[in-house]
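Take these sequences, add in the hints, and give me the full structure.
Chains as they are written, first to last, in the numbering used here: chain A, 1 to 357; chain B, 358 to 714; chain C, 715 to 1071; chain D, 1072 to 1428.
Don't read these hints as lab results, they were simulated from the structure.
Each computed EDC-like pair below joins lysine to aspartate or glutamate, with the alpha-carbon atoms no more than 16 angstroms apart:
#1 A/K305 with B/E614
#2 A/K21 with D/E1137
#3 D/K1325 with C/D912
#4 A/K147 with A/E40
#5 D/K1337 with C/D1025
#6 C/K860 with C/E754
Keep in mind it's a predicted model, so treat the numbers as computed, not measured.
The chain contents come next:
Protein chains: 4
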Amino acid sequence: MPGNTFGKLFRITTFGESHGKAVGVVIDGVKPNLKFSVDEIQRELDRRRPGQSNVTTSRQESDEVEILSGVFNSRTLGTPICLVIRNTNQDSRDYAKIKNIFRPGHAGYTYLSRYGIEDYRGGGRASGRETVSRVAAGGFAKQILKKHKIQIIAYTKEIGGIAAKQFEYKEIENNPVRCPDRNAARAMIKLIEKAKHDGDSVGGIVEAIVVNCPAGLGDPVFNKLESDFARALMSIPAVKGFEIGSGFASAQMKGSEHNDAFYYHKKKKKVQTRTNYAGGILGGISNGAPIVIRIAVKPTSSIAKPQATIDLHGHRHTIRIKGRHDPCLCPRIVPVVEAMIALVLADHLLLRKNLRS
Amino acid sequence: MPGNTFGKLFRITTFGESHGKAVGVVIDGVKPNLKFSVDEIQRELDRRRPGQSNVTTSRQESDEVEILSGVFNSRTLGTPICLVIRNTNQDSRDYAKIKNIFRPGHAGYTYLSRYGIEDYRGGGRASGRETVSRVAAGGFAKQILKKHKIQIIAYTKEIGGIAAKQFEYKEIENNPVRCPDRNAARAMIKLIEKAKHDGDSVGGIVEAIVVNCPAGLGDPVFNKLESDFARALMSIPAVKGFEIGSGFASAQMKGSEHNDAFYYHKKKKKVQTRTNYAGGILGGISNGAPIVIRIAVKPTSSIAKPQATIDLHGHRHTIRIKGRHDPCLCPRIVPVVEAMIALVLADHLLLRKNLRS
Amino acid sequence: MPGNTFGKLFRITTFGESHGKAVGVVIDGVKPNLKFSVDEIQRELDRRRPGQSNVTTSRQESDEVEILSGVFNSRTLGTPICLVIRNTNQDSRDYAKIKNIFRPGHAGYTYLSRYGIEDYRGGGRASGRETVSRVAAGGFAKQILKKHKIQIIAYTKEIGGIAAKQFEYKEIENNPVRCPDRNAARAMIKLIEKAKHDGDSVGGIVEAIVVNCPAGLGDPVFNKLESDFARALMSIPAVKGFEIGSGFASAQMKGSEHNDAFYYHKKKKKVQTRTNYAGGILGGISNGAPIVIRIAVKPTSSIAKPQATIDLHGHRHTIRIKGRHDPCLCPRIVPVVEAMIALVLADHLLLRKNLRS
Amino acid sequence: MPGNTFGKLFRITTFGESHGKAVGVVIDGVKPNLKFSVDEIQRELDRRRPGQSNVTTSRQESDEVEILSGVFNSRTLGTPICLVIRNTNQDSRDYAKIKNIFRPGHAGYTYLSRYGIEDYRGGGRASGRETVSRVAAGGFAKQILKKHKIQIIAYTKEIGGIAAKQFEYKEIENNPVRCPDRNAARAMIKLIEKAKHDGDSVGGIVEAIVVNCPAGLGDPVFNKLESDFARALMSIPAVKGFEIGSGFASAQMKGSEHNDAFYYHKKKKKVQTRTNYAGGILGGISNGAPIVIRIAVKPTSSIAKPQATIDLHGHRHTIRIKGRHDPCLCPRIVPVVEAMIALVLADHLLLRKNLRS
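Right, here's the structure in full:
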């Protein structure tokens, strides 16, 4: 029940502080006798890695994964897999100076409220670095989804009000903001560079689409598929909102518009809907249509601009946060979103199996 | 792990189909020796009850709660409390006729995909009637929160594009749409009546504010307070989106705007923030500011207008859904939202206790 | 996590006090579309029922089960099944007199230590009546096991030093002590009647054998099959010990004796062992051999003989416990043992399914 | 829910194969701001370490623990603690030769039945080496218990029929069999040496006493304190039986004997019992008396004597197991028993806290 475990049957437990020795994850509930590719996990980690482009932090971190258990001759044993990624490029000196000062938008104050102690170095456990563990585990979950031909495609939909208007799949990993619209990407990059130059940051929207998800996943009434997605994605640092299908737009719609009409696709021999306002889920269970999810990402809290704040003792300070921070989190959150969605799906694939004798 | 249990330490398990004998809930993890008011639970059920006004369904259902266990001399024993509400006004005849036809926007098809069997009468377990159990349990959770002086205020913020512009607390339970703005309420009622007349339905937005929530609730990194709220609220039928604080608006903000500045409130002897874009939660843990949540509610799927659909065998049909349905779900979802938030908070109050020796 | 839930995927939550309105259980994680026989559940309840013979309590309780949910047209829906058994023959008057006096061997003092409140009437939640819920749920679990041809046979092995020496299957339900040895049964009955006459009680040993359990059940390293059996059976009131296979006798054995030799049974095309000291489980996983379990049952705590004790305030009392109590618990614990074993196996059958794609 | 996690609020997840890179554990639910002694953990690992005496295996393994997370400036952060112990002295060559042959008493066959794949080297995950993780976690749990003055004393009670007759506390860690009776210890050592010389092994009984456990721990009806102890101890490799208090002896007792009489100890201002047949637990909840537990340990399965068995294909073989194995497991199981008991108690201390406001 403690908070560092996620999943019911496909279950991960993550650990690690930003400036500690390592971050990592134990994956339990793994199907045995599965070919296991450490390269595919490394590839996902590389997509999340800092220093990959001009619009992300300039920190360099190799984020190499080591497998401690659960794999034998490149196959899963069905026993827990422990993946460890050492922290190698941490510079904790800057943090010592500001250790008692609350950084606006950061979790220092709330961690102290809850735990009475904080590893102030780089945000400790509250750092975005924690998501390395999620991406590593997700990299494995994706290998399971691949066998079911399920694909997750996440991308930057909007940054600081600039929205993608086109969707070109190949474009996504082709530009540093991971936007499927080349022109929008260019404008987004400019906006981010401007924010960086100003010592500021910008927010955005990330969208994810799940293709080929079979009908029948989801476990009402509390583990509905969208509930589990919502929990999963809202647990990513900096996420402020979650939508499925029509989302908040549904508030302005009528039933006669919103209800997706069923029809039978003769060639595919499959029940389908003409529209997809539901976003691929009805009554908490997938209906076989693409699952469409959007999340809101707040602007990075760590900014160079001077900000008014206080310290532990209530004394006022003006703080300028040094260090190398992402001026926009969207590009690096994209693989984290995919990882969390993959973990939810891998879990629900197992949960569904229990219903068939 | 099955899907009908919610909560970690304060835990509910719900049961019941819409047209079965009863709906109910077992609450486990209850603090012993607590005064227990069945009246307060009944009051919450009455707020959710069908037939309470002209803008809700005309079905009449008394929804009387019976306590089977866990309470002795009006005090909790610390043992599981089972609450049962009999279904008394169910009319299953209409459903027999359309049992093989998929109602657009409904869960019939997905339930069949998952379970291979469905109680088609009134939606069975997928019916909104299932939320009776949540409200009953929430009515008890609220009694715990009251001892901590925590208050949850939910209301209709927007219906079909008409938004509340004023907030008058007493107005909320004063009008049938539960909107804190009297004028907006009037316009909303008209809109709902029009939709009803047209055999259609409308969506909306419900907002909830938690007042007096202490700092320090939330269990990173996967049971963050907002993650648990998101899971809880996204599991309510018809909810398509979830926001905390700035929500989707954060996507268009800069870090220098969004970061809430800390200051020390000398009289209250409390760390506070000048703005509340965070919505009361930082790093997954409450910071003592009001918690602000919004959810998107889709327009009711059951509408009288003719709709194109298919049956089990893929044959086309035009369906007109009879029965007495809510033309807008917001008014009756308000108490369900409060119940789910109360359940999350009651749970996290217990989870926090484990950190203190 | 609270204590009234048992099972991982096939999960029950029980509720109810001895002298409250009802006892019952919610079963979640149930396979859908399964024929459901309420008669088979009633039959199990009748085996546990008080007043069935001269060697059990003379209390009469019809223990009729009512199904509130989860079943439609005699088939399971895959949604939670709530079973309720009303308490009808409770006489609480005697208990009011002794409500502050600790009955030796009973849980009054420890319940007060933990909860600070107690439903003293008939032991409240600590009463053996709580096991009605287990037997009802087990009665359903057995219907699942039957489809896998798994059979559980429990019986009284020993009472007050008198041990069964023969095993005649049909004899078990043929005598009131449920002993497979007719002669031993007769001696046991005499011993129990003597104890009853003396206002005393006797202990015993119950043995259970699981036949046709497939190899491959059990989830190392903490949910080994024997661990789950041990937890399940040690949670039954009055059980003081648990053994699997050789059990405590293994402490005096040599490895060369205890190791069961593997051989290949050509006709059955099956790996088997020549002996079964393992008791059907190796490394926490079933090996296909019969599972052999024994539990120690202490003598009933409620006895008529005068006993020295104290009250809440530490004052001395001599207590004579009136009421109608079982002079030996073994006969009525037999169906409870079967129920708990059935619940563990139904759960592990589901847990194993996750390993197959 | 997968099988490598133990505990509800104080929760461990273990990982690692015998001949893999490492074994280890993630501890979640840890109280923050607690002084953390890695030396005390190392001390427990040293007690379990192979090669510590003549009666244990001659394998040498340093078993040095590394902390990867959750600790900052020697204090717990309240975040997950990952402890890793590298495997350094593994020799897998012998195992390659017998990889398809089922070793009697071992889990090779059942692991293949369940997983369809096995790390045959040294037993893989089924090896006793897995308990390193338990002892590491238990070493931390003990540090919590110490603050509550709770002490766990485990020792060898009996080996191959030779029973301890005296209890001298200091003697336990003074002899290689960890027996509190010096004379019995001497006889036990002789017996073990004889078994070793014969290429055989012997079983025994380990007893554990918990002193100063407060009344009120245990969570009926399924997480009774004895149920959790039983599950915990039965999950240790080679354990075949579990008893609490009177255990199997209760089967031959009368209620008038077995009921522990309550009295009030004026000096201690405490309710106590004159005898302790209950073994410190009534109704699943600790009563403040010493908790007394016994487990049966089977003779080591790995013996040098020739044994008849078969291989994967059903062909017959005679096997002689080489390698360096413990001729009796009791001495090295003692710290594992203490660790598991410590984990259960640390968990129940947290579980109880939820009952107090």
